[in-house]
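Please build the complex by placing chain L on the supplied structure of chain W, with the hints as guidance.
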Amino acid sequence: MQKEAAIREPLILGHKSYHDVTEDVCRPIEDKAPRMWYVLFGIALIIALYGIGCIVYLLGTGIGVWGLNKTIGWAWDITNFVWWVGIGHAGTLISAVLLLFRQKWRMAINRSAEAMTIFAVFMAGLFPLIHMGRLWVGYWVLPLPNQFGSLWVNFNSPLLWDVFAISTYLSVSLVFWYIGLIPDFATIRDRAKKPVSKKMYSILSFGWSGGAKNWNRFETVSLVLAGLATPLVFSVHSIVSFDFATSIVPGWHTTIFPPYFVAGAVFSGFAMVQTLMLVMRKAMGLEAYIHTKHVEYMNIVIMVTGSIVGTAYITELFISWYSGVEYEAYAFLNRATGPYWWAYWSMMTCNVISPQLMWIRKLRRSLLFTFFISIVVNIGMWFERYVIIVTSIHRDYLPSAWSMHYPSHIDIGVYIGTIGIFFVFFLLFARYFPVLALNEIKTILKGSGQSYKEAPDYHKHH
Amino acid sequence: MTEKVIYVMYDDEEVLKDGAKTLVSKGIKIADVFSPFPIHGIDPIIGVKNTRLGIMAFLYGLTGLMLATVGMRFFMVTDWPMNIGGKPNFSYLENMLAFVPVTFEFTVLCAAHGMVITYLLANKTLPGMPAHNPDPRTTDDRFVMEIRLSDNHQSSENEIDELLKNTGFVEIDKKEVN
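Protein chains in written order, with our numbering: chain W, 1314 to 1775; chain L, 3 to 180.
Just so you know, the hints here were simulated from the structure itself, not pulled from any lab data.
Hints are supplied without guarantee of correctness; some may be wrong.
As the list claims (entries may be wrong) - Rough simulated footprint, nothing fancy, chain L against chain W, three-plus residues with beta-carbon under 8 Å: (1) 1322 to 1332; (2) 1395 to 1403; (3) 1462 to 1468; (4) 1483 to 1497; (5) 1564 to 1574; (6) 1752 to 1759.
Said to hold, decoys possible - Sample of chain L residues at the chain W side, in silico, Cβ under 8 Å: (7) Asp34; (8) Val50; (9) Trp82; (10) Tyr121; (11) Met131; (12) Ala133.
Note that the Cβ used here is the ideal one computed from N, Cα and C, for glycine as well.
One chain only, chain W, in its complex shape (with noise of 0.2 Å):
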């Protein structure tokens, strides 16, 4: 067992024992769901429904349902594919990065993560498909051999890298979340009464028995997986934002770009975990496991990150003076002043000065301003990627084919709607999977438990 300084604050407060841990994370999936949960989880499913009946209107309809022109190509759809995969970003971020930085107070905050980050992941691989306009020729993005020459693929292209990175980034980030729940899927499984839900469990638990040699292949697993999920999670985002990246559009074509993108997609994934986070340790009476010590490290992450972000906006724009390329210029001065003026400042607002306000330590500990950041922060980040997208574009070289978008109620209803789903997936979650890393919080335990920490002999050697 690890100690600590005595300084650092106690990851698990108040006198909880094995059992204790154990009790805490099963009891909201044995009992009864709350009618909280019920209420949310219809609301969800209605504006998920919406969001499926818009989909398959546009399946049936095609893309000339969008707000889309010849001048703006890429909007919304894109815009919400950015938005989505950065969210997923936090999950891996917090279950590998922090694994390999030994950062123990990510125990408690992980497993949720993860399944946000998939569930996000998910989301944003809807938008490519639907862009695709004909789904049902989606495996053409695949180097399949074929009757068309045989025509591959183009792997100089940075979408067909989107393809690679976001498929991998998704059946890797599964398979890591998959395997730490595992243990925990066994525990539950060891605790249940009734039938079906021993025999569900029983599946979902693959046989874990927790022997010697298992929990050793286990911990080695978890080590290579969040080893090579770290590059991942860089990669990702960074080839994301090659799409824009490696175009000859103004205010596209910057090399700043990877490292802004990444820094980025943490700082909305990490504000996205505290929105969900918040109401989560609430509702299931996790507060003495997720508490504001907890919200205080994201918050300090939401701060340098959306130090990284805002130092890449004002670098932007000098380079585009600096550089005295004067298309280059003009699209960052379309973007001030220019008639997409107030997404420019909202999303300046919203990223640039909001996460300041992280330094004065009352306010990142505390829980409401916390929660009315995060919203402001994912507003602000999908206005990040709107303004990239479409004011980049909307006005070109051609003045004569200068345009302005204006989202149809079917852009507004797919996006909508891929909140409902994912919201719809996130309560399945909460209800009948761990929101805890169950093994790992007990490993934790004696460590950083807070009646270990008080106990009079924490500091004395064995």
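Chain L alone, transformed into the frame defined by chain W:
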């Protein structure tokens, strides 16, 4: 053929570890330890060798790297060279930079999935497999040491019982298993 197995249950991993140390120093072989979470430092005591899954992951990654390189060379250079913005389409090396992202992603894909599949097979954890932890509480807050008499011919059952007495266990269970 059935054999007798002793299951000794503890409620603290440190107590179990100390007990295991004592037993092993007296020449008793411990077959396995079941616990709700990894007990750090138990493996060398009971003689569990470190897994070689990490090496496997490296080999799977290498396979992925090779497949991606060979595949893209075939698609983009040999089989159907395309003129994309005048980029050199007759040589893999000269066009290699464009292939780095996919090569990297495919390497990670193969390493991660290869390792996870090997892990699941090696652990015998697959959908529908039966669990063989001796007590349902070992996934909650109990730690169980498994001692097989067939592994310990040099000591009698009574001798083992005598040794166990001072290790601070909470329950002891003896079973005939196949």
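These are the hints, each one checked on the structure:
no.	hint	result
1	1322 to 1332	holds (count 3)
2	1395 to 1403	violated (count 0)
3	1462 to 1468	holds (count 7)
4	1483 to 1497	holds (count 7)
5	1564 to 1574	violated (count 0)
6	1752 to 1759	holds (count 4)
7	Asp34	holds, 5 Å
8	Val50	holds, 5 Å
9	Trp82	holds, 6 Å
10	Tyr121	holds, 5 Å
11	Met131	holds, 3 Å
12	Ala133	holds, 5 Å
In this structure, the hints that do not hold are numbers 2, 5, in rising order.
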